[in-house]
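All chains, please: the whole structure from these sequences, using the hints.
The chain contents come next:
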Amino acid sequence: MEYEPIIGLEVHAQLLTKSKIFCGCSTQFGVEPNSHTCPVCMGMPGVLPVLNKKVVEYTMKMALATHCRINEVCNFARKNYFYPDLPKGYQISQYASPLAEHGYVDIELNGGRKKIGITRIHMEEDAGKLLHDEHTPSSYVDMNRTGVPLIEIVSEPDMRSAEEATAYLKRLHEILVYLEICDGNMEEGSFRCDANVSIRLKGETAFGTRTELKNMNSFRNVQRALEYEIRRQEYLLASGGEVVQETKLWDDAQGATYSMRGKEEAHDYRYFPDPDLVPVVIDGRWIEEVRETLPELPLEKRERFIQEYQIPPYDAGVLTSSRVLADYFEEVAKLSGKPKAASNWIMGEILRFLNEEKRDITSCPILPQSLSELIQLIEDGTISGKMAKDIFEDMYTTGKGPQQIIEEKGLVQITDEEILKKAIEEVLAANPVQAEQYRGGKEKIFGYFVGQVMKVTRGKANPALVNDLLKKMLAGS
Amino acid sequence: MELNQLTIHELHELITKREVSSTQIVQSVFKRIETVEKDIHSYVTLMKERAFAAAADADKRIREGDITPMTGIPVALKDVLCTKGIRTTCGSRILHNYIPPYDATVVEKLKAAGAVFTGKVNMDEFAMGSSTETSCFGITRNPWDLKRIPGGSSGGSAAAVAADECIASLGSDTGGSIRQPAALCGVVGMKPTYGRVSRFGLVAFASSLDQIGPFTKDVEDCAIMMNVIAGYDSRDSTSVPLDVPDYTAFLSRGIDGWTVGIPREYFIEGIDPEVMEAMKSTIAVIEGLGAKCVEISLPHTGYCLAVYYIIAPAEASSNLARYDGVKYGFRAGDGRDLLEMYKKTRSAGFGAEVKRRIMIGTYALSSGYYDAYYKKASQVRGLIKGDFEKAFTQCDVILTPTSPTPAFTIGEKMDDPLQMYLSDIFTISANLAGIPGISVPCGFTRRGLPIGAQFLAGHFEEGKLIQMASAYEKNANLEKRRPNL
Amino acid sequence: MKITRAEVEYVAHLARLEFSEDEKEKFTFQLNNILAYVDMLNQVDTTDIEPVSHAIALNNAFREDVVEDSLNPELSLANAPEARGPFFRVPKVIE
Numbered sequence: 051m052e053y054e055p056i057i058g059l060e061v062h063a064q065l066l067t068k069s070k071i072f073c074g075c076s077t078q079f080g081v082e083p084n085s086h087t088c089p090v091c092m093g094m095p096g097v098l099p100v101l102n103k104k105v106v107e108y109t110m111k112m113a114l115a116t117h118c119r120i121n122e123v124c125n126f127a128r129k130n131y132f133y134p135d136l137p138k139g140y141q142i143s144q145y146a147s148p149l150a151e152h153g154y155v156d157i158e159l160n161g162g163r164k165k166i167g168i169t170r171i172h173m174e175e176d177a178g179k180l181l182h183d184e185h186t187p188s189s190y191v192d193m194n195r196t197g198v199p200l201i202e203i204v205s206e207p208d209m210r211s212a213e214e215a216t217a218y219l220k221r222l223h224e225i226l227v228y229l230e231i232c233d234g235n236m237e238e239g240s241f242r243c244d245a246n247v248s249i250r251l252k253g254e255t256a257f258g259t260r261t262e263l264k265n266m267n268s269f270r271n272v273q274r275a276l277e278y279e280i281r282r283q284e285y286l287l288a289s290g291g292e293v294v295q296e297t298k299l300w301d302d303a304q305g306a307t308y309s310m311r312g313k314e315e316a317h318d319y320r321y322f323p324d325p326d327l328v329p330v331v332i333d334g335r336w337i338e339e340v341r342e343t344l345p346e347l348p349l350e351k352r353e354r355f356i357q358e359y360q361i362p363p364y365d366a367g368v369l370t371s372s373r374v375l376a377d378y379f380e381e382v383a384k385l386s387g388k389p390k391a392a393s394n395w396i397m398g399e400i401l402r403f404l405n406e407e408k409r410d411i412t413s414c415p416i417l418p419q420s421l422s423e424l425i426q427l428i429e430d431g432t433i434s435g436k437m438a439k440d441i442f443e444d445m446y447t448t449g450k451g452p453q454q455i456i457e458e459k460g461l462v463q464i465t466d467e468e469i470l471k472k473a474i475e476e477v478l479a480a481n482p483v484q485a486e487q488y489r490g491g492k493e494k495i496f497g498y499f500v501g502q503v504m505k506v507t508r509g510k511a512n513p514a515l516v517n518d519l520l521k522k523m524l525a526g527s
Numbered sequence: 149m150e151l152n153q154l155t156i157h158e159l160h161e162l163i164t165k166r167e168v169s170s171t172q173i174v175q176s177v178f179k180r181i182e183t184v185e186k187d188i189h190s191y192v193t194l195m196k197e198r199a200f201a202a203a204a205d206a207d208k209r210i211r212e213g214d215i216t217p218m219t220g221i222p223v224a225l226k227d228v229l230c231t232k233g234i235r236t237t238c239g240s241r242i243l244h245n246y247i248p249p250y251d252a253t254v255v256e257k258l259k260a261a262g263a264v265f266t267g268k269v270n271m272d273e274f275a276m277g278s279s280t281e282t283s284c285f286g287i288t289r290n291p292w293d294l295k296r297i298p299g300g301s302s303g304g305s306a307a308a309v310a311a312d313e314c315i316a317s318l319g320s321d322t323g324g325s326i327r328q329p330a331a332l333c334g335v336v337g338m339k340p341t342y343g344r345v346s347r348f349g350l351v352a353f354a355s356s357l358d359q360i361g362p363f364t365k366d367v368e369d370c371a372i373m374m375n376v377i378a379g380y381d382s383r384d385s386t387s388v389p390l391d392v393p394d395y396t397a398f399l400s401r402g403i404d405g406w407t408v409g410i411p412r413e414y415f416i417e418g419i420d421p422e423v424m425e426a427m428k429s430t431i432a433v434i435e436g437l438g439a440k441c442v443e444i445s446l447p448h449t450g451y452c453l454a455v456y457y458i459i460a461p462a463e464a465s466s467n468l469a470r471y472d473g474v475k476y477g478f479r480a481g482d483g484r485d486l487l488e489m490y491k492k493t494r495s496a497g498f499g500a501e502v503k504r505r506i507m508i509g510t511y512a513l514s515s516g517y518y519d520a521y522y523k524k525a526s527q528v529r530g531l532i533k534g535d536f537e538k539a540f541t542q543c544d545v546i547l548t549p550t551s552p553t554p555a556f557t558i559g560e561k562m563d564d565p566l567q568m569y570l571s572d573i574f575t576i577s578a579n580l581a582g583i584p585g586i587s588v589p590c591g592f593t594r595r596g597l598p599i600g601a602q603f604l605a606g607h608f609e610e611g612k613l614i615q616m617a618s619a620y621e622k623n624a625n626l627e628k629r630r631p632n633l
Numbered sequence: 005m006k007i008t009r010a011e012v013e014y015v016a017h018l019a020r021l022e023f024s025e026d027e028k029e030k031f032t033f034q035l036n037n038i039l040a041y042v043d044m045l046n047q048v049d050t051t052d053i054e055p056v057s058h059a060i061a062l063n064n065a066f067r068e069d070v071v072e073d074s075l076n077p078e079l080s081l082a083n084a085p086e087a088r089g090p091f092f093r094v095p096k097v098i099e
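Protein chains in written order, with the numbering used here: chain W, 51 to 527; chain D, 149 to 633; chain E, 5 to 99.
I should point out that these hints are in silico values taken from the structure, not numbers from a laboratory.
Mixed in with the good hints, there may be bad ones.
Unchecked claim - Reference excerpt, derived from the structure (chain D facing chain W, CB under 7 Å, subset only): (1) C230; (2) V351; (3) S355; (4) L513.
As the list claims (entries may be wrong) - Pair ranges (Cβ atoms, derived): (5) D26/E - E296/W: 52 to 60 Å; (6) N632/D - D26/E: 39 to 47 Å; (7) E342/W - T164/D: 54 to 62 Å; (8) E425/D - N63/E: 43 to 51 Å; (9) R341/W - I416/D: 54 to 62 Å; (10) D183/W - K179/D: 48 to 56 Å; (11) E60/W - R88/E: 29 to 37 Å; (12) I416/D - N63/E: 37 to 45 Å; (13) G239/W - K186/D: 37 to 45 Å; (14) F33/E - I416/D: 47 to 55 Å.
Each residue gets a CB set at the ideal place from its N, CA and C atoms; glycine is no exception.
Here's what the structure looks like:
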């Protein structure tokens, strides 16, 4: 019997606004506990929420980027439950009327494309943080995160494998980061994902009983948790058991999902329209204003790079993986006029150097202008490829331009035939035996002479010229 | 006459003429408080020291010629309004020690206008009640008869003004909590249009119904207080960005040629005969002023109480979820775990009426019942609002009794929630429709208990209410009486 | 009876309230009286009637994305029944 997994994802993304969704407290991370709080986000008696307009606009951006329909009127609702990190005893969210619905994103897998439907995108507030004490029966509450804006993106149950789910998740992540509305940091929790998983016999149309997976804080863990859960459900069904509807947590260390302790409370959130907030009305004009601020999205950019710069799809994929990297590439490509060389340098040296130091392109010490100069110096023969690698290293460590390094180190390539001839004569005179061997047919040692000439010229000789001259002079002309 | 017996505008005139100082007025008020407070118990927190400091400050401003109509005037605040650094309890054990770090917008506005706060006054716990009998600080008594309740939930605000323990006060009105105690204590009380006065800093009971308003000794004072507290506030999303007229400009305009609607559904069996009699005389006075009284119909009136007793508890059940023993207020021990701490705290922190309403509200919103209760009630609310919209095409204002009976005796309705709820039967509709209402004294029963008349107007027509109530007040020739304390 | 004792217990748990047996009985009775009263709403035809959740129809009340001063953390914690260092302390959460 062959089973088919059915997966839907709920993604929570923190928005990169400066202030919280309903008050003026900063959203900045890593500050003293409870120092970014005020009467409003602490839910003190008598306070009222006022909606941050940026939150609406950022959510609209995501809605447009994922082909959603933006509702003309949307409302906030209260989701009521008790928890110490939820100071009002309810979370302000959207329920009956979310900001956007009925969208999709394309994912690419094994060379093919698939549409994954998006059910809805809505705005809500984040909860605070609860720290548990291992030694005493205590938990500690920090409300700095309370009221940080979130969007929740709910997918259709359209994914049929862990790979598809991961590809979808990466696509959402890429779009959010491209739009510059979320920093996408999964470890810190600014991009979080829960999954609903069920399986059914291939060919069936009804859905099986699903479980909800939580606590997966990396793409890798999402994939592993889903694979594990799919296998677990398959085993259960194949051995005559039943899947129980429950919430399961992923345990990274054990590589397994486990049920939450104790009995899970039935959810009865008693949603109702929040009387403290008024409806958000979005007209066509506002939508167009926001649409005009949308950047080119990753998939479009990828296709354009392949077309416009004639680079392979793989390169285009790497170069468009972030907006800043793509911009960097485009600048080098345009300035140097050599897109393929630009791509090679970035995919090779630049990313390798940055990765070694765990930096990203935003902090690259080499400016696009400098890299394009380097490329041009190779093209016009001023320096050799080998010299360029050395110069690149200097550029990376010092931040200087290639011209400056060449001048300081006297690194200009020797193209003067007279000087080169002299050097070759010197080498031949010092190696009479090898010269005889060469002339006697041992052509393999040609490389040895090239090396010796480079050594004498301290690597500055133009290799093509050296080749030419050496051949002629060895032939005895 | 003692200074504490005067009105805002009378005192303002004396202040302007430099005949009295704010400090003298405040002295007179605190002397009165010392004398009568043991009988009435209007206050839960006195702010004597701060009041004298504020009076000295006001006197300095007065000397410098920086005078508003409120400068130096002693005002009491219902203990549901947040006051920075001053305990704000809502009459509840669960907030018995809560000190807000901020001022409500109305408190800021009154402060800026130079008013002097005398203290925080008593109320039904979380404003849920019609008698001021459910406060954890004990009951407040009606100055006109100490065996009777002052009405509620703003009973402390009404009693303090009636007993001259302050010159004016602020209350809040979710289903009649300003107008009903104003009527029962013989003072003027106004509930403004929803959104006219900022709710920021008003501890929420039912957010879509709550509104702050003034208690005063006459209609002119009501206009003066409204001039200060009304207006848009960016901290309250439901506050309306509309200009506020000068309400004192409506005081002497008369009502000649007006049409006053008398809704037939409000003149029903169960109204006290003396209240009915007072209404008839009120109609006679109004007609004498050139207005025409016509019968109108508000067909969904009979459903108001039912709608209210779904919507208000539903919102309250959510608004009161924040009282969990974590961030502020009362906590009952630690318990075995968090759940036990929650339950013990909330069960011991809230009184019976509050718990009853949390239960009704939680039930009405719970899975499977939302449509039958909350949604249905919200739909009928739309119909009630529609009734008023239609009515105000036929009349300028509507006249009703404020309360079906005068003040009842202490303890009389405590064991029968529904009977208690019926006390608000004429006031609830204004909250549901969001329209403004005013209660003005319109006579006394033979036992000497005050009776109030309620006028209602369309959205943002507080000016019309002041015009109407002022004309009536000037011409009713009611006997000038003071409670015998 | 609209509401059973079991439902009263369920609703009490949702609202994080607990009652003695006597109170449960009294509450069941009183809630039933109130619910019987509000049943009159079923007489009203509300087909196609929009629910009203705001008395005054407003929309788009926004604030700009500007950071304002937070409360001094000492004030944030000043009313806490129990604070430990910069945190609110609560009894252990048992899930």
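Going down the list of hints, with the structure as the test:
1. The beta carbon of C230/D is positioned within 7 Å of a beta carbon in chain W (closest approach about 4 Å), and the interface hint is therefore held.
2. The interface hint given for V351/D holds, since its Cβ lies 4 Å from the closest Cβ of chain W, which is under the 7 Å cut-off.
3. Because the beta carbon of S355/D sits about 4 Å from the nearest beta carbon in chain W, less than 7 Å, this interface hint is met.
4. The beta carbon of L513/D comes within 4 Å of a beta carbon in chain W, closer than 7 Å, and the hint placing it at the interface holds.
5. Against the hinted window of 52 to 60 Å, the Cβ-Cβ separation of D26/E and E296/W comes to about 37 Å, which falls outside the hint.
6. Between N632/D and D26/E the CB atoms are about 42 Å apart, so this pair conforms to the stated range of 39 to 47 Å.
7. For the hinted restraint 54 to 62 Å between E342/W and T164/D, the CB-CB distance of approximately 59 Å keeps it satisfied.
8. Evaluation of the 43 to 51 Å hint for E425/D and N63/E yields a pass: the beta carbon distance comes to about 47 Å.
9. The supplied range of 54 to 62 Å is met by R341/W and I416/D, whose beta-carbon atoms lie about 58 Å from each other.
10. The hinted range of 48 to 56 Å is satisfied by D183/W and K179/D, whose Cβ atoms lie roughly 55 Å apart.
11. For E60/W and R88/E, the Cβ-Cβ distance of about 34 Å falls inside the hinted range of 29 to 37 Å, so the restraint holds.
12. Between I416/D and N63/E the CB atoms are about 38 Å apart, so this pair conforms to the stated range of 37 to 45 Å.
13. Checking the proposed 37 to 45 Å range against G239/W and K186/D shows it is violated: the Cβ atoms sit about 58 Å from each other.
14. Range check, F33/E to I416/D: Cβ separation about 27 Å, and the 47 to 55 Å hint is violated.
The structure fails hints 5, 13 and 14 (numbered hints given earlier, in ascending order).
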